[in-house]
Amino acid sequence: MSFKQWFIERFPIDYQKFVEINEKIFIKEPIPTHMKKWLFAMGATPLILFGLQVVTGLFLTFYFIPSPEMAFESVRHITEDVRLGFWIRGIHRWGANLMIISLLLHITRVFFTNAYRKPREINWILGVALFFLTLTISFTGYSLTYNQLSYWATTVGTNMIKEVPVIGGLMLHFLRGGDVVNANTLTRFYSMHVMILPALLMFFIFLHIIILRLHGVSIPEGFEKKYYPFYPHHFYKIIIATLFLLAFMSTLTIILPPGLGTPANPAITPQHIKPEWYFFPMYRFLKLFPLHVGIYATAAFVLVFTFWPFIEPLLSKEKRTRTLFSRTAGILTLIITLALTLWETIVI
Amino acid sequence: MPEKKQKINRREFIFRTGIFGALGLAILTFVRNIVLYLFPERKTKTYHKYLVAREDELAVGRAKQIYMGRTPVFIVRQDEGFKVFSGICTHLGCIVKWEQDKERFFCPCHKGVFDKSGKVVSGPPPRPLDEFRVEIENKKVYVFVEDKTRSPWA
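If you're matching them up, the sequences are chains R and F in order. Quick note on my numbering: the first sequence kicks off at 24 and runs consecutively. Quick note on my numbering: the second sequence kicks off at 15 and runs consecutively.
Any given hint could turn out to be false.
Stated by the list, open to error - Computed list of lysine-lysine pairs in DSBU-like fashion (alpha-carbon distance at most 35 angstroms, straight line):
no.	chain 1	residue 1	chain 2	residue 2
1	F	K116	R	K51
2	R	K249	F	K21
3	R	K248	F	K21
4	R	K40	F	K21
5	R	K141	R	K249
6	R	K260	F	K21
7	F	K57	R	K60
8	R	K59	F	K59
9	F	K153	F	K59
10	F	K78	F	K59
11	R	K47	F	K153
12	F	K63	F	K125
13	F	K21	R	K27
14	R	K141	R	K248
To be verified - Heads up, incomplete: computed chain F residues facing chain R, CB under 8 angstroms, no partners named:
no.	residue
15	A40
16	L52
17	P54
To be clear, the hints were calculated from the coordinates, so they are not data collected in a lab. Glycine included, C-beta positions come from ideal geometry on N, C-alpha and C.
Working from the sequences, and respecting the hints, build out all of it.
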């Protein structure tokens, strides 16, 4: 008796049906021909990186200790003492950065090819939610290293929540578990970073992919409506992307290893504090305006950005005019974001 | 799955071998690295050498008590040389006394008795007194004390 028979007797699924389903949803998933171009096949990159983040993050928890006394020291221990600890941490750190870069590229591509249009509005909103969840998980992860910069970034970052009308103060107190960033903040952030946010991300990614699969990949204008099966061509593409990312991140880790900084000192705020690069646009923007104006303007931008697929049709009935509006808005957003980022990078 | 006989050309074969070879290699390297990462390196213990007595200071059969930090330590000269014991009783951690007339260690807490070579003679102690490694150099007696690192990952 073969192992297959032995197993199916004990796990009695309809094997033929299983094969059919597998062929339908995986092997023979129709992929539009334009996805043979790498430019259009990069939506899987954030997913691959997320997978690697889960694996490396899981291994980091084997050594990391979320307490004010031990957080910095355990990160140092991982980086300097544990065999290949610098590599695991380096991949986790670079993976986070690359995940945000790849999401920005993915969003830009989807926006400029108008892939968010009816009937795919909900998937755009899910994607935006995934992007902001990724920013949140990056922020909480960054604060766990508990060095001077991350400590004060956490202090400044959480302080902004106070501006939320009515319940801001309560939310801040809940998030910090006290009046200032302390041991409770660290354990709360740890719990969010390793359990709550990853679970949410997984759920949203699942929905995102389900909706994508139900609609099929949208075909940008000017491409033929022709398809090829997922396996083997696209499958190979994903393997190649994974291998490239692993090699690329290992190289980055060796050339530009993540540093340690100095241990957090709640008594002294460093002269120059800066958040991570992906918060530069918002940080620079907030420096230009009074706090509440800056925060409301950012919130308004986020809302418009999130619901753009529903806002766009209100602007004009003409498809061409809509595209013109969207392109202009998109290019303006890109220019302003890049300009603010550059400004913050250059000026201390 | 219905198996189909497919002929693949050389180009396809090389491509597949390459891609699965690279994938396999990457997986193997990854697994190896994770195994190394998860099992902490066994560190060899390091020791410091401390001077505890001069050789001519003690006659055969005599002992002397000193303190290393807060740990009482006994240096005993025996026929075959010097032995250095920790004075902490192996039963429940009281401090033993050297009784010169009986050439033995006595623990007052539960009447544990050790002979001059540290072996249990009577009473409840489960094992002999802890011993330090001794080295004699230029008529001076040294012991080796294990370094305790300050890091919690000793």
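Hints, one by one, checked against the model:
1. F:K116 to R:K51: violated (91 angstroms)
2. R:K249 to F:K21: holds (26 angstroms)
3. R:K248 to F:K21: Roughly 29 angstroms between the alpha carbons, so the hint for R:K248 and F:K21 holds.
4. R:K40 to F:K21: holds (27 angstroms)
5. R:K141 to R:K249: holds (21 angstroms)
6. R:K260 to F:K21: holds (22 angstroms)
7. F:K57 to R:K60: Distance of about 51 angstroms is beyond 35 angstroms: violated.
8. R:K59 to F:K59: violated (58 angstroms)
9. F:K153 to F:K59: Given pair F:K153, F:K59 holds - Cα atoms ~27 angstroms apart, limit 35 angstroms.
10. F:K78 to F:K59: holds (28 angstroms)
11. R:K47 to F:K153: The given pair, whose Cα atoms are some 86 angstroms apart, is violated under the 35 angstroms limit.
12. F:K63 to F:K125: Given that 35 angstroms is the threshold and the Cα spacing comes to 33 angstroms, the pair holds.
13. F:K21 to R:K27: holds (26 angstroms)
14. R:K141 to R:K248: Holds. R:K141 to R:K248 sits at ~18 angstroms (cutoff 35 angstroms).
15. A40: For F:A40, the interface hint holds, since the closest Cβ of chain R sits about 6 angstroms away, which is under 8 angstroms.
16. L52: holds (6 angstroms)
17. P54: Holds, because the Cβ-Cβ distance from F:P54 to chain R comes to roughly 7 angstroms (cut-off 8 angstroms).
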